Amino acid sequence: MKRIGAVLLVGALSLFMIAGCGKKNEGENSSAAEKGGSLVFQIWDAGQKSGMEELAKAYMEEHPNVNIEVQASGWDEYWTKLEASAQSNTMPDIFWMHSNQMYKYADAGILADCTDIVDKDAFSEIALQNAEGSDGNLYGVPKDKDIICLAYNKEMFDEAGVAYPDEDWTWDDLTNASEQIYEKTGKYGYMAYAQDQIGYWNFVYQNGGQILNEDGTEAKFTDEATSEAIKFYVGLQQNDWCPTQNQFANTDATTLFFSEQGAMFYAGSWQLADACANYPELNGKWDVAVLPKCPNPVAGDGRASISNSVTYATAAKGKNKELAMDFLAYLGSEEGQKLQGETGVGIPAYNGMEETWANTFKENGYDIDASKVTDMFDYSVKYVNNPSRPIWEPKVEQTVLDMYAGTVSVDDGIQKMQDVVTAAIKDE
Amino acid sequence: MNKRKKLDQDHVWGYLMVAPTIIGLIVLNVYPFIKTIVLSFSSMKVFGEYKFIGFRNYANMFSSEEFWRATWNTLLFCVLTVPIGVMLALIVAILLNSKIKGKVVFRAIFFLPMVVAPAAVAMVWKWMFNSDYGVINTIFHTKIDWITDPNVIIITVAIVAIWSALGYDAVLLLSGIQNISKTYYEAASLDGATKFQQFRYITMPMVSPTLFVVLILRLMSSLKVYDLIYMMVGESNPAMSKAQSLIYLFYRESFISGNRGYASAIVIWTVLLIGIITAIQFIGQKKWVNYEV
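Chains as they are written, first to last, in the working numbering: chain W, 1 to 428; chain S, 1001 to 1293.
The hints are simulated quantities; they were obtained by calculation from the structure and are not laboratory data.
Some hints could be false.
[Unchecked claim] In the PhoX-like style, the derived pairs of lysine-lysine whose C-alpha atoms are separated by at most 20 Å in a straight line are:
no.: 1; chain 1: W; residue 1: K426; chain 2: W; residue 2: K395
no.: 2; chain 1: W; residue 1: K426; chain 2: S; residue 2: K1051
no.: 3; chain 1: W; residue 1: K395; chain 2: S; residue 2: K1242
no.: 4; chain 1: W; residue 1: K319; chain 2: W; residue 2: K35
no.: 5; chain 1: S; residue 1: K1045; chain 2: W; residue 2: K426
no.: 6; chain 1: S; residue 1: K1051; chain 2: S; residue 2: K1035
no.: 7; chain 1: S; residue 1: K1045; chain 2: W; residue 2: K81
no.: 8; chain 1: S; residue 1: K1242; chain 2: W; residue 2: K416
no.: 9; chain 1: W; residue 1: K395; chain 2: S; residue 2: K1045
no.: 10; chain 1: W; residue 1: K395; chain 2: W; residue 2: K231
no.: 11; chain 1: W; residue 1: K81; chain 2: S; residue 2: K1035
[To be verified] Simulated coverage check for chain W against chain S, where a stretch passes if three residues somewhere in it have a Cβ under 8 Å from a Cβ of chain S:
no.: 12; region: 79-92
no.: 13; region: 386-398
no.: 14; region: 401-412
This one's a predicted model, so the numbers in the text were calculated from it and none came from an experiment.
For each residue, glycine too, the CB sits at the ideal point set by N, CA and C.
Whenever a hint applies, use it, and build me the whole structure from the sequences.
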C-alpha cells in the first residue's frame, strides 16, 4: 500500500513539474494590436538581427502595447528547432521561411494562409511564387529576393590587361579572361565549384534548359539544352585556371577570392554585405557584374540568373495569430519593405525597391556597383523547387560531386540525376 | 512494527529523492528510445500520419551499399581511434605521474583540448590539414589530400579524435594510477623489480578497472562519431559519401531528407552494434580486469 502511495507521489510530483513548465505562455491571449501582447520573432541569420529589430521597433512605436522580441540562431539549429516546435504547436509567433522548406510546412497545414494580407501587385513574381504552397495560396509574406552575380578582382584584370566584365560578356569571354589572367598573374580565373543555385543552374537556364518543368512535375536533366550546359560547367574544371573540387573542399571559392588567389567567382547577392564588412582591406579592389550570357543558347536570349527569396510566416494554429498577422501585414507594407532594404542584407521583395538595397553599399563607403546586380531581375529565373526536393536534392548533389571526381561519367551522371528526380516526384 | 513503519517512510523519501533523475531518464531517454523503435517500422516523414510498414526500412537499409559503407567507416574509425587513443592516454598518464618539473603545467596542457569547443578544434585542424596551404603538408613536404582523399579522410578524422580525447582519458587514468598505494612499489623495488616489471605487475593490474571504463567510454563515443566528420569533411566535399559514419548517415536521412522512419532504423542498428561490442568487452574483461585490491 505504502509503495503505491510513493509511486503516486512521484507521479504527482512529475505532473506538478510539467504543469509548472506549461504555465509560462498563458495569460497573453491578445487578439489585436490595440490590445497588445508579446511576439517572438525567430530568424536564422544573426547578421540580420539588428535589421529585424529595427522593423519591430518601428511597429512597436505605432502600437505601444505590443512587444516583439527578435531571436537569432544558426541555420541548422533553426530548422531542427522549428520542426520540433511545429510538431508540438509551440512555434515562434513570426519566423522566416526558406523556399527549400516551404512546401513541407505549407502542405502539412502548419503555416497560416496569408493570401489576404499580401498586395500581389506590389511584389515581384518570383518572391510571390516562393511563398506559395502546392495549392497556390500564399503561406507567408515575401521578405526579400536574391540573385546570383559575378564577383571579380579588378587588380588581377588590370595586371593581365583584360577588360572588366560587362553586360556583353559571354561564356567565351569568361573562359578567355580566365586563361589570360592565369597565364599572366598565376592566379586562378573563374572558380567554378560544385553548386546548384550559385553554379550550374545559371548555365542551364541561360542555355535555354530547365532542371524541372514549370509546375515541377517533370525532371529535365536529359534535355539537350540542360545536359549541354551541365557538361560545359563540369568541364570548366579541366582547365588549369580552375581549382579542382578537392581544392575547393580544402579552401572554398569565397576564401580563395578574398585572399586574392582567384580572379572571379559567382556570388549570391546575400553574401555581398557580409563580404564588404569582413574584408575591408579589399574595398575598391573588387566589384560585381551581371552574369556572362550564353553565346549560342538552344533557346532564349542566353540570359538568366537564379533568384530565390525568404518569406515571413506565422503558424496556422498560433496562440497570437491575430496579432502576428497584423505584424506580418506591416512587414509586407511599403514602409516595412523599404526599412528592410535599408539594412543592406536583403533586396526587398517589393517591386521597384532594389535601389534602396543597392544604395546601402555606397552609403557605407563600400566601392562596389550593386545596381549591376539588381539589373538582372529583368530576366531572373525562380529557384528550382518542388515538394519532393528534400528527397532528391542530396542525391543530385552527390551525383554532381561524383561526376567531378570522375567516378561517374558526366553522361551517366546526368541520366542518374534524371532518374533520381523522376523517382522522387513519382513517390511524392 | 514500529521499525517497519520507519522503513516505509524511508522508502517514500528514497523514491522522492531519485524521482527527478528517474523522471528525467524516462522523459529524455527511455521514451525517445521506444519512440525510435516504433518509428523505425514506419514510413514516417517529418509531418503527417504514422503508417506501419513492417520491416521494409530494415530491408532497404540492409540492401543499401551506402549503409554498409557507413557501417564499415564507423568500425574502421573505432579500430583506428580506440586502441591507439587509449594506449597513448595510458603513456601520457604514466608520464604525468612521474617526478618531472612543471607537472601541473603539463597536465593543464594535455587537458586543454577538452575545454576547447569541438567546432573550433575542427576548424583549426582543417586548416592544418589543408592540402594546398596547410602546415602539415608544408612541414613534412608531403602532398597528401588529407580531407578529400576518400581513403585518407577517416585517418585524418581519427587523428583529430585521438588528440581531442587524449587529455580527458589521461586524467581519468592518472587518477586511477594515483590511487595505487606507494607501498606496493616500495616493496617491489626492495625485491629488486625493475621499473618495467613494476609497471607490468603493479600498475597495469591496479589501473585495469579504470582502463576498462576509459575503453568502454571511448568505444561508445567512437561508434557515435558525427560532429567531427560533419565539421571536418563538409557537405560539398567529394569524399563525403565515402567518409560518412552511421550517425552522419542518420543525420542526413533524418534532418535533410526528412525520412524519419528510415533514419530511426539506422539508429536502432547503431544501438545494436554498440550493444554487441560492449557486451563482448564485458565478457572479455574477466580475462584482464582486476577488481581485487
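Which numbered hints fail: Per hint list: zero violations.
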